[in-house]
Amino acid sequence: MEKTLYPLNVGQMLQYLPIRETGTQRCCNISVFSGLQFEIDFDLLKRCIKDEFKRYECLRLRFTAPDEDGNVQQYIADRDDREVPYLDLSNMTMKEADAYLQEKTFEEFNEPDIPMVEITMVRMPEGYNGMYIHIDHRLVDSSGLIVMVNDIMELYCHYRFGSEYPKPLASFEEVLISDLKKAQNTKRQTKDEKFWHDYLTEDGEPIYADIRGPRILQESRRNHGDKSLRVADVETKDRSVGVADFHLEPEATQQLLDFCAMHSVSMTNLILLAMRTYLSKTNGGQEDITLRNFVSRRSTMAEWTCGGSRVLSFPCRTIISPDTEFLDALYELQNVQNKVYLHCNYDPIAVDKMLKDLYGAPDKTEYISMSLTYQPMPVRVQNEHLVGIKTRSVWYPNGAATKQIYLTVTHSSNDGGLIFDYHYQKAVLSYDDIQKLYYYMMKMMFHGVREPDVTIGELISTT
Amino acid sequence: MDRKQEFLEIVAKYCDKDVSELTEDMRFREDLGFNSLSFMTYLGDLEDTFDVELDEEGALQITTIGEALDYMNTLLPEE
Chain H
1 MEKTLYPLNV
11 GQMLQYLPIR
21 ETGTQRCCNI
31 SVFSGLQFEI
41 DFDLLKRCIK
51 DEFKRYECLR
61 LRFTAPDEDG
71 NVQQYIADRD
81 DREVPYLDLS
91 NMTMKEADAY
101 LQEKTFEEFN
111 EPDIPMVEIT
121 MVRMPEGYNG
131 MYIHIDHRLV
141 DSSGLIVMVN
151 DIMELYCHYR
161 FGSEYPKPLA
171 SFEEVLISDL
181 KKAQNTKRQT
191 KDEKFWHDYL
201 TEDGEPIYAD
211 IRGPRILQES
221 RRNHGDKSLR
231 VADVETKDRS
241 VGVADFHLEP
251 EATQQLLDFC
261 AMHSVSMTNL
271 ILLAMRTYLS
281 KTNGGQEDIT
291 LRNFVSRRST
301 MAEWTCGGSR
311 VLSFPCRTII
321 SPDTEFLDAL
331 YELQNVQNKV
341 YLHCNYDPIA
351 VDKMLKDLYG
361 APDKTEYISM
371 SLTYQPMPVR
381 VQNEHLVGIK
391 TRSVWYPNGA
401 ATKQIYLTVT
411 HSSNDGGLIF
421 DYHYQKAVLS
431 YDDIQKLYYY
441 MMKMMFHGVR
451 EPDVTIGELI
461 STT
Chain C
1 MDRKQEFLEI
11 VAKYCDKDVS
21 ELTEDMRFRE
31 DLGFNSLSFM
41 TYLGDLEDTF
51 DVELDEEGAL
61 QITTIGEALD
71 YMNTLLPEE
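Chains as they are written, first to last, in the numbering used here: chain H, 1 to 463; chain C, 1 to 79.
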């Protein structure tokens with residue numbers, strides 16, 4: 001049967017660019033263990049995983065070899081009938097088992113026209129049983145992965161406990177066609193382009209800020225012999241990644257959620273405000289701060305369950321004076337973010353290029369040192385038959401830091417508390433730097449939540 | 001398809017509800033589960049479908065389906 005070839009959507013393209021730059025697919029891998037502390041029927045789990053390859057179209061995505069311009073195309077294979085491998089790591093310690101799975105994370109899907117995912121059933125130590133999923137980021141992002149894990153477990157509960165058969169998942173192909181059509185809507189494109197141009201020019205050139213203080217920008221100014229330079233050099237040779245995880249207790253998390261609900265603000269914006277206020281603090285009260293916020297472009301029901309990578313990232317720039325009260329600063333930031341959301345169908349690669357071209361930033365420099373992804377969907381199986389069973393979800397880093405600091409905030413699968421997962425570039429930052437960043441972010445957030453009329457200047461000087 | 005029906009079909013794409021279940025007093029966030037991103041994307045969808053230009057500040061004040069319908073009617077010629 002003839003296959004229909006499609007270009008990558010912008011979210012997939014964003015994942016593909018590092019592959020093209022580095023020549024290796026590894027930087028595009030997602031590897032996760034997801035399991036429950038209960039005795040799984042592995043034969044049944046195997047049946048559910050096989051079903052999932054039929055239900056979740058994106059798992060059957062394949063990519064062609066790059067053309068002369070380095071671009072690949074994608075298509076959906078009719079079927080994938082591979083056997084589901086099984087791995088017994090129960091005789092290891094948890095640390096050893098994690099190290100084993102961490103090593104598998106580095107396995108690459110480098111050939112064209114091959115399956116880009118491997119799901120392995122795993123028996124882990126301490127009674128945890130589940131799946132190790134090793135997958136190319138173009139097939140799923142974190143939301144897509146959670147949808148998949150939940151769907152497999154819903155199938156399991158259907159067969160095992162007779163619960164309702166899960167609703168069908170949306171077709172990746174149909175949503176892709178709709179995405180590509182939207183991308184060709186010239187009226188929308190023109191409107192979005194104008195927004196981004198205005199956004200990037202109305203306050204002039206942004207300026208770099210780093211948690212290590214203004215010396216980083218000063219060094220770059222010296223390196224380039226330009227005293228007015230507003231971008232900093234980035235370390236591109238050593239991309240090795242460090243990971244620092246912090247858990248915020250459920251009660252404290254609830255305080256933040258209640259505050260957000262009471263004032264109609266989002267958790268994303270609260271976290272962004274804490275990040276920017278710390279950058280302001282470490283840079284002598286600098287008012288002009290730009291962060292990078294990752295947006296999972298899933299809004300319609302079909303977009304939520306179609307898989308694929310829909311994560312885009314855009315700059316979030318705010319200029320906040322020290323006499324602004326915490327809550328007002330939060331609304332200011334939210335206002336900026338809402339406008340960005342209205343125009344987030346635009347290609348983020350084009351936005352970055354526009355920024356570079358507007359101000360002639362030298363190669364291998366950046367305006368932004370910190371990025372955020374907030375994942376509101378818990379990595380938790382929601383079926384009533386599995387409620388109360390302890391879960392374990394581990395995201396194994398693929399070893400390549402594409403950002404200096406990339407913070408992912410998720411809700412813990414066990415207690416609903418927030419997990420702050422920082423991936424940082426080890427060549428330039430230490431664990432202590434990140435620990436300090438987390439400590440101050442928490443101090444600032446909770447101070448602001450307790451006293452919403454505290455000014456940003458007071459927060460900077462007293463925390 | 002009349003305007004209201006078309007409008008409701010767009011709303012239904014964003015929430016786990018059938019068009020027949022939607023009522024004008026339903027609130028986007030509290031009753032239909034919209035978040036900031038989905039609400040802003042939905043506004044963009046309205047602009048594209050009905051070929052109108054929304055005033056962002058005004059549109060952000062909308063809380064219910066009925067308010068959104070009224071607002072759209074001010075931008076479009078009478079049916």
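Treat the hints as calculated values from the structure; they're not laboratory data.
All figures in this text were calculated on a predicted structure; none of them were measured in a lab.
Every residue, glycine too, gets a C-beta built ideally from N, C-alpha and C.
Where hints are given, some of them may not hold.
What follows is a list of derived Cβ distance ranges for each label pair [said to hold, decoys possible]:
1) R27(C) to P168(H): 27 to 33 Å
2) K167(H) to P77(C): 22 to 28 Å
3) K50(H) to E53(C): 46 to 52 Å
4) D48(C) to H197(H): 16 to 22 Å
5) E21(C) to G23(H): 49 to 55 Å
6) R27(C) to G225(H): 33 to 39 Å
7) P77(C) to K46(H): 40 to 46 Å
8) R27(C) to D80(H): 40 to 46 Å
9) D415(H) to R27(C): 26 to 32 Å
Looking back at the numbered hints, which does the structure fail to meet, lowest number first? 2, 6 and 7
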